[in-house]
Each structure stands twice: as C-alpha cells, then as structure tokens.
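> The sequence shown maps to residues 9 to 75 in the working numbering.
It is worth saying that the hints were derived from the structure and are not from the lab. Every residue, glycine too, gets a C-beta built ideally from N, C-alpha and C. Heads up, some of the hints might be wrong.
Listed next, with one range per pair, are the computed distances between beta-carbon atoms [to be verified]:
{"no.": "1", "residue 1": "Tyr-58", "residue 2": "Phe-37", "range": "28 to 34 Å"}
{"no.": "2", "residue 1": "Leu-53", "residue 2": "Phe-21", "range": "17 to 23 Å"}
{"no.": "3", "residue 1": "Ile-39", "residue 2": "Ile-16", "range": "17 to 23 Å"}
{"no.": "4", "residue 1": "Tyr-58", "residue 2": "Tyr-38", "range": "15 to 21 Å"}
{"no.": "5", "residue 1": "Phe-46", "residue 2": "Lys-11", "range": "19 to 25 Å"}
{"no.": "6", "residue 1": "Lys-11", "residue 2": "Phe-52", "range": "17 to 23 Å"}
{"no.": "7", "residue 1": "Gln-18", "residue 2": "Ile-56", "range": "28 to 34 Å"}
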Amino acid sequence: MNKYSIIILQLFFTCYILATYLIPSYYSFYIRLFLFIFIYFYLFLFIIFYLLLHSCSCIYFLLVQIL
Numbered sequence: 009m010n011k012y013s014i015i016i017l018q019l020f021f022t023c024y025i026l027a028t029y030l031i032p033s034y035y036s037f038y039i040r041l042f043l044f045i046f047i048y049f050y051l052f053l054f055i056i057f058y059l060l061l062h063s064c065s066c067i068y069f070l071l072v073q074i075l
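Start from the sequences, fold in the hints, and give me the full structure.
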C-alpha cells in the first residue's frame, strides 16, 4: 500500500464515523450515501491517474500541468 491509498482509507473511515455517530439518525443515511458517492468518485479518479502514471507517465504529467 502506498501513502495515497492509506490517506484515502483514513478519509473514508473518518467520514463514515462522523456520519454515523455525530450526525442525527434522521440525516445520517443521506449523508452517508453522499459521502460514499463522494469518496468512491475520488477513489475512481485516483485509480485512473494511478494507471496513467504506470502506463504512460508523460500523459499523466501533461494532465497534471493542465489541471
């Protein structure tokens, strides 16, 4: 595991704990749903950039410079 995947896992569990224990139960389902969608979207983007980095690093660096 590299450091980025550990950071994503920590973010995931932190958001889940916040949504489960600190938010009233009426809203917690919707907030958990939003957090799951949000986190998995960024996880998907991270996987895409990770594959680009390993397959063709020049495309990755061009995308980083454009963004």
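> Could you run down the list of hints and mark each one as holding or not?
Structure-based check of each hint:
1. Tyr-58 <-> Phe-37: 28 to 34 Å: holds, 31 Å
2. Leu-53 <-> Phe-21: 17 to 23 Å: Since the Cβ atoms of Leu-53 and Phe-21 sit about 19 Å apart, the hinted range of 17 to 23 Å holds.
3. Ile-39 <-> Ile-16: 17 to 23 Å: holds, 19 Å
4. Tyr-58 <-> Tyr-38: 15 to 21 Å: About 30 Å separates the Cβ atoms of Tyr-58 and Tyr-38, which means 15 to 21 Å is violated.
5. Phe-46 <-> Lys-11: 19 to 25 Å: holds, 21 Å
6. Lys-11 <-> Phe-52: 17 to 23 Å: Check passed, 19 Å falls within 17 to 23 Å.
7. Gln-18 <-> Ile-56: 28 to 34 Å: 21 Å Cβ-Cβ, so the 28 to 34 Å window is violated.
Comparing the model with each earlier hint shows violations of hints 4 and 7; every other hint is respected.
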